[in-house]
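Protein chains in written order, with the numbering used here: chain A, 4 to 288; chain B, 4 to 288.
Derived by calculation from the structure, the hints in this document are not laboratory data.
Careful, some of the hints might be misleading.
Same chains, same names: a pair is fine if it fits in one copy or spans any two.
What the hints assert, rightly or not - Restricting the straight-line Cα-Cα distance to at most 27 Å, the calculated cross-link-like pairs of lysine-lysine (BS3-like) are:
no., residue 1, residue 2
1, 160, 178
2, 178, 40
3, 112, 160
4, 178, 46
5, 112, 131
6, 131, 46
7, 63, 40
8, 160, 46
9, 178, 112
10, 40, 112
11, 112, 46
12, 46, 63
13, 131, 63
14, 131, 178
15, 63, 112
There are 2 protein chains.
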Amino acid sequence: MSSSKINKSLIKNPPLEGREALYVIKIGGNIIDDENKLSSFLKSFADLSGLKVLIHGGGKLATRLAEQLGVQQQLIEGRRITDAETLKIVTMVYAGYINKNIVAKLQSKGSNAVGLSGADGNLIQAHKRIPTPPLGDGGIDYGFVGDVDAVNNTLIKSLLDQDMSLVIAPITQDKNGQLLNTNADTIAQEIAKAMSNDYEVHLIYSFEKRGVLLNAEDDNSVIQTINQDYYKDLKDNNVIFAGMIPKLDNAFMAVQQGVKRVVIGNAEQLHQLITGDAGTSIIYE
Amino acid sequence: MSSSKINKSLIKNPPLEGREALYVIKIGGNIIDDENKLSSFLKSFADLSGLKVLIHGGGKLATRLAEQLGVQQQLIEGRRITDAETLKIVTMVYAGYINKNIVAKLQSKGSNAVGLSGADGNLIQAHKRIPTPPLGDGGIDYGFVGDVDAVNNTLIKSLLDQDMSLVIAPITQDKNGQLLNTNADTIAQEIAKAMSNDYEVHLIYSFEKRGVLLNAEDDNSVIQTINQDYYKDLKDNNVIFAGMIPKLDNAFMAVQQGVKRVVIGNAEQLHQLITGDAGTSIIYE
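Given only the sequences and the hints, what does the whole structure look like? Please build it.
Below, the structure written as structure tokens:
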């Protein structure tokens with residue numbers, strides 16, 4: 004991976020006049036668990052000039068710690084059920100271990116990173132998810148899981164104005180003293196939307212895959228661009244891998260609500276994702 | 004404990020003209036481990052009007068988690084030896100679980116708290132402790148333990164200016180990617196000293212004891228005021244409990260370097276510690 008600074012003239016969607024570009028980057032999947040890949044990704048992130056926010060998930064570390072502590076994990080439809088013991092574990096792993104290790108690594112690579120959870124400074128206000136349908140009618144109680152109500156964009160802006168990059172762990176609070184485990188993709192999307200009033204926001208979902216594949220068996224079948232009509236076709240024909248659908252649904256909501264573009268692709272190609280030379284771009288029309 | 008707002012006219016050392024008061028408060032000992040005492044303390048902290056920074060230790064939670072995970076703990080002269088596994092545990096417990104739970108509780112009590120470790124935004128720059136005397140000459144290798152080099156007072160000031168209270172976990176970094184376990188009393192002292200250029204700083208060490216005792220067997224023998232001469236007498240006569248000496252040494256360094264006053268006392272009496280009606284006050288002369 005190149006460690007050179009991004010040449011902004013290469014970006015295919017240059018900033019609109021008067022609005023600075025802001026990169027909101029979600030890192031997830033097994034990149035977090037792979038020390039070398041994570042380190043290489045963080046070097047690219049540190050070398051990216053301009054304003055930037057990193058949102059991280061938790062990888063397999065939380066699951067491993069739960070096993071070591073004998074805390075049973077339950078997943079429903081791919082989502083972790085967060086009981087009190089699991090909440091304690093994800094708070095330790097996401098907001099503690101992963102967040103602070105990423106911050107220390109970015110500091111060593113020249114990026115003045117500050118790590119926050121969504122709870123800090125009421126950065127992401129949330130409420131405990133209300134089961135729909137209700138519990139008695141087949142609804143699922145996800146436990147201490149948060150749905151996002153609001154983003155404190157003033158705090159984010161003030162830290163960006165101090166030349167800091169933000170590293171955000173997906174733990175929120177409800178203003179009643181309860182911490183909540185919150186989907187990191189959703190947090191990335193909500194931050195991107197909230198910051199779109201002040202910045203030209205590029206939302207990048209980076210993980211271990213190269214983008215949205217037309218053929219799940221062929222890593223070279225990355226779809227370059229998806230608009231809303233094409234997305235409907237792909238879903239109708241069951242082309243899209245089920246695990247990708249929440250990411251794409253979020254992406255379309257984001258571009259509908261002011262985000263300049265959403266890119267989905269491989270964390271090892273961060274600079275190419277930003278210049279538009281890799282990954283799948285989601286656009287409004 | 005009263006939950007009323009502090010009446011500033013009651014404070015025995017009113018702020019010097021032109022400098023706002025800043026309360027730097029260390030909470031430690033077994034208060035952290037006692038849910039009711041911690042909650043009551045946080046209510047008092049939230050009700051304290053004015054600018055404030057809270058620094059917390061880790062209580063027994065890190066030791067308990069280490070036991071559960073089968074990580075052997077070693078203490079030398081009352082200090083935890085921080086090997087790589089222990090560093091992981093304290094990072095999770097201090098910067099994750101304890102820090103974010105305190106933040107959520109303060110948010111619920113009306114204080115806009117933001118939780119940071121010393122690593123965030125290079126808030127506390129540190130280096131790995133160098134053994135003195137050297138290792139071969141009987142020095143002790145404390146492992147991944149940090150000694151403080153500098154405090155980023157600009158970041159602290161910018162958050163205070165946004166009406167936030169700060170909650171700081173005693174984990175730092177060395178600018179080379181290494182996290183370091185760092186003494187919370189020392190961090191409180193270094194922050195108090197660094198902020199004394201801009202504020203009239205009151206440094207409060209609050210824990211389970213009522214202050215410095217003249218007679219370790221008698222909880223009512225709290226010494227109200229200690230100056231440097233009296234401290235020397237007390238040490239010469241072995242009156243001071245050994246565990247208290249590092250706290251007092253830190254306190255005298257702080258008042259020598261610009262901190263207005265240092266108070267040591269019971270976390271359950273926070274408002275009285277601030278008004279000067281409880282605890283032991285350390286003064287310059």
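Status of the hints after comparison with the structure:
Taking identical chains as interchangeable, the C-alpha atoms of residue 160 and residue 178 lie at most 27 Å apart whether they share a chain (22 Å) or sit on different chains (24 Å). Proximity of residue 178 and residue 40 under a CA criterion of 27 Å is satisfied inter-copy only: 20 Å between copies versus 36 Å inside one chain copy. Taking the shortest alpha-carbon separations for residue 112 and residue 160, both the intra-copy value of 22 Å and the inter-copy value of 25 Å come in at or below 27 Å. In the homo-oligomer, the alpha carbons of residue 178 and residue 46 lie at most 27 Å apart only across protomers (14 Å), although the nearest pairing inside one protomer, at 36 Å, exceeds that limit.
Proximity of residue 112 to residue 131 under the C-alpha cut-off of 27 Å is restricted to the inter-copy arrangement: shortest distance 18 Å between copies versus 37 Å within a copy. In this assembly of identical chains, residue 131 and residue 46 lie within 27 Å of each other by CA distance solely across copies; the values are 23 Å between and 36 Å within a copy. In the homo-oligomer, the alpha carbons of residue 63 and residue 40 lie at most 27 Å apart inside one protomer (15 Å), although the nearest pairing across protomers, at 35 Å, exceeds that limit. Taking CA atoms no more than 27 Å apart as the test, residue 160 paired with residue 46 passes inside one copy only; the shortest distance there is 23 Å, against 29 Å between copies.
Only between protomers do residue 178 and residue 112 lie at most 27 Å apart by alpha-carbon distance; the minimum there is 8 Å, versus 35 Å within a single protomer. For a Cα distance limit of 27 Å, the shortest separation of residue 40 from residue 112 inside one copy, 15 Å, qualifies, whereas the shortest one across copies, 41 Å, does not. In the homo-oligomer, the alpha carbons of residue 112 and residue 46 lie at most 27 Å apart inside one protomer (6 Å), although the nearest pairing across protomers, at 40 Å, exceeds that limit. Taking the closest pair of Cα atoms, residue 46 and residue 63 come within 27 Å of each other only inside a single copy of the chain (22 Å); across copies the shortest separation is 36 Å, beyond that limit.
When the C-alpha separation of residue 131 and residue 63 is checked against a cutoff of 27 Å, the pair qualifies only within one copy, where the shortest distance is 24 Å, while the shortest distance between copies is 29 Å. For a Cα distance limit of 27 Å, the shortest separation of residue 131 from residue 178 inside one copy, 11 Å, qualifies, whereas the shortest one across copies, 38 Å, does not. For the identical chains of this complex, residue 63 and residue 112 are intra-copy neighbours only, at 25 Å inside a copy versus 34 Å across copies, given an alpha-carbon limit of 27 Å.
Violated hints for the displayed structure: none, as all numbered hints are satisfied.
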